[in-house]
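Hey, can you work out the whole structure from these sequences and the hints?
Protein chains: 2
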Amino acid sequence: MSEYIEHDRDGISVGLVEKKFFTFSEPPDQLILESGTRLGPITLAYETYGTLNRDKSNAVLVLHALTGDSHVAGYYDHQDQKPGWWDIMVGPGKGIDTNKYFVICSNIIGGCMGSTGPGSIDPDTGQPFGCNFPVITIGDMVRVQKRLLDKLGIRRLLSVVGGSIGGMQVLEWCVRYPDMAASAMPLATTAKHSALAIAFNEVARQAIMADPSWNGGDYLRSGKKPDLGLAVARMIGHITYLSDDAMRRKFGRRLQDRENFSYDFSADFQIESYLRYQGTKFVERFDANSFLHITKAADYFDLERQHGEGSLVKAFSKAKAEFLVVSFTSDWLYPTYQSKDLVKAMKKNRLDVSFCEIEADFGHDAFLLPNKRLSSLICGFLEGVFKDLN
Amino acid sequence: MSEYIEHDRDGISVGLVEKKFFTFSEPPDQLILESGTRLGPITLAYETYGTLNRDKSNAVLVLHALTGDSHVAGYYDHQDQKPGWWDIMVGPGKGIDTNKYFVICSNIIGGCMGSTGPGSIDPDTGQPFGCNFPVITIGDMVRVQKRLLDKLGIRRLLSVVGGSIGGMQVLEWCVRYPDMAASAMPLATTAKHSALAIAFNEVARQAIMADPSWNGGDYLRSGKKPDLGLAVARMIGHITYLSDDAMRRKFGRRLQDRENFSYDFSADFQIESYLRYQGTKFVERFDANSFLHITKAADYFDLERQHGEGSLVKAFSKAKAEFLVVSFTSDWLYPTYQSKDLVKAMKKNRLDVSFCEIEADFGHDAFLLPNKRLSSLICGFLEGVFKDLN
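First to last, the sequence lines map onto chains U and W. Each residue of the first sequence is one higher than the one before, counting from 1 in this note's numbering. Each residue of the second sequence is one higher than the one before, counting from 1001 in this note's numbering.
Be careful, since some hints might not be right.
[Said to hold, decoys possible] The calculated lysine-lysine pairs, modelled on BS3-like cross-linking and capped at a C-alpha distance of 27 Å, are:
| hint | chain 1 | residue 1 | chain 2 | residue 2 |
| --- | --- | --- | --- | --- |
| 1 | W | Lys1250 | U | Lys225 |
| 2 | U | Lys340 | W | Lys1250 |
| 3 | U | Lys225 | W | Lys1225 |
| 4 | U | Lys146 | U | Lys318 |
| 5 | W | Lys1056 | W | Lys1318 |
| 6 | W | Lys1225 | U | Lys224 |
| 7 | W | Lys1019 | W | Lys1250 |
It should be emphasised that the hints constitute simulated quantities derived from the structure, not laboratory data.
So this is what it looks like as structure tokens:
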């Protein structure tokens, strides 16, 4: 594994990083969630990369998507086989250059990667929350991230950046705490889920809840998890992350380890085998209740409803950030027209907006894949904002 | 219900119709399926409308899609609330005019609407086939339809018509029995499933097979059916039958019987409620094993692999029919480019082909919905072919 250390020296990875924890909202001062329910204590798992400069003007907050975590870049130890989920973008000399910027990422609440979520212990019962974990919103996620920044002493972010559900958090940041974000990069995201996006999430949730092992959400004590339902949910997700083109190139109608049809219900096609594998692998690392909670938060997210009395233009009237909005041609989960709606509403508020639709065949997943165009856009945008501020 | 009778007089419905049955392939002369397995006796449920003319030159074979049946048009009795699934197209004075043509439709084998399928009794065991029902193909479906036509004494069809999986059967008819189809109308269909279409089917199948009540396919004796899994499978299907646009117009983000979010996992949005309803309703009328078998047959269908040694042009070299190929702009399950591939291969064989892409917002479902353009296209095409032949 010394290869990675060499990479570090060459400026390819941030190297070894550490997951940290911050606990707050202790009773009786619990956070009141948007649903009205009280939650506390709350723990956030987070990581930081690079160095905060003296005037604390170089902080970039990265916000992760549905199944992401605080581990954006680097490795936990020398045996670690895989770097963080956006190691291609965050590191020395990369799009978000850790030689210049101080990068922060926290696992969202409701998740299962160290932050408080349905798998955490409910202090009232001493048992895992399970089905008793309150429904959380994108607004709640952002409000607890603000507490983390307060604790880190950061009063203004150079930028907030994230894709998909991370992008929703970016938008929420800009209208909820307009003075705290000098700039923002919502990538492959939307101001509100379409009926189609809600439909996919709902079917995925139904697949989990149809699994008898889900047991009304109370499965952690029984020891039997709704793995089959969660695997189906993940398979549905994977279809929406790709595109017709990407699937045709990646799999087409190629058969899996055979020359002829099996004439049974085993995985004949590579695409079937791929989906089954993704489903099975996912249940090892993700919690079914977290999947339910995070998808519900994404479906509820509606910037114009929550911040603009039904008008997206009005919602952005509070924002002050300079924006870089990015969509991808083959993303049919959050198609370009939804990014354009964002851009239009921003422009009507005379906000400084750059917009780019990147030609990419990989569907919604494109924002997570190596893409020189995206890296250079982000790099240039951050440089410009940093220069203007200093 | 006398309203319907009046409609009959006005030429709006074919009126009262009857489901008939034809049984053949009795042991020891069972049909050998494409998988190599023997199947027999085989029963087909079928219906006919209109009158076969003296020289038997006015027969139109209608082929149904995944969850359809032999009941294309009309009513079974005066209490019947709903007409057949394509009553808008088949009837006196309609696109397929039963005053002129003799229309035949049989339920596909592998189905659950009267034809032999996984729910039928296996003569070897005296129990329902369940998981022992052999995997069938689109080719098998067409071969047994041919037996029905032989029995009806029809040696040449004026036309074969069908959408989706019905359209696959249309294509199979034209290359397998080229002398039997004077014309053919494959609607909203494809010569082979894309990886995306296979992916959706596979996830739907996994949802069924993940349901413990599926019990390896052997659930009919236990009395507990995989209703939850089948409902999820149907929900996945319904997403693919609509389109982003259609869903936005039909549901948008409207809430179901409430003004605010529930902050729980009930159906907040109308689209959620719709999908749950469709799932629940479906399990009352459809068999989970039939769903598995028919989707597998559709995934296996590959005209160029089975009839053209890998070339679609070669596959159509056997065809003689005059074609009307129709696609719909918002159909993302079988997009227009797949219909164009058909048309190109037909034209390279100098076949007489008309092609029309119909502007429609309803996604794949469009071919089943009232559409004046489609009705008049089909009507005109049939008239032309009938005139040429007589």
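Here is how each hint holds up against the structure:
1. W:Lys1250 / U:Lys225: violated, 36 Å
2. U:Lys340 / W:Lys1250: Measuring from Cα to Cα gives roughly 22 Å; hence the hint holds.
3. U:Lys225 / W:Lys1225: holds, 22 Å
4. U:Lys146 / U:Lys318: Holds: Lys146 (chain U) and Lys318 (chain U) sit about 17 Å apart, inside 27 Å.
5. W:Lys1056 / W:Lys1318: holds, 24 Å
6. W:Lys1225 / U:Lys224: holds, 22 Å
7. W:Lys1019 / W:Lys1250: violated, 35 Å
Hint violations for this structure: numbers 1 and 7, all remaining hints satisfied.
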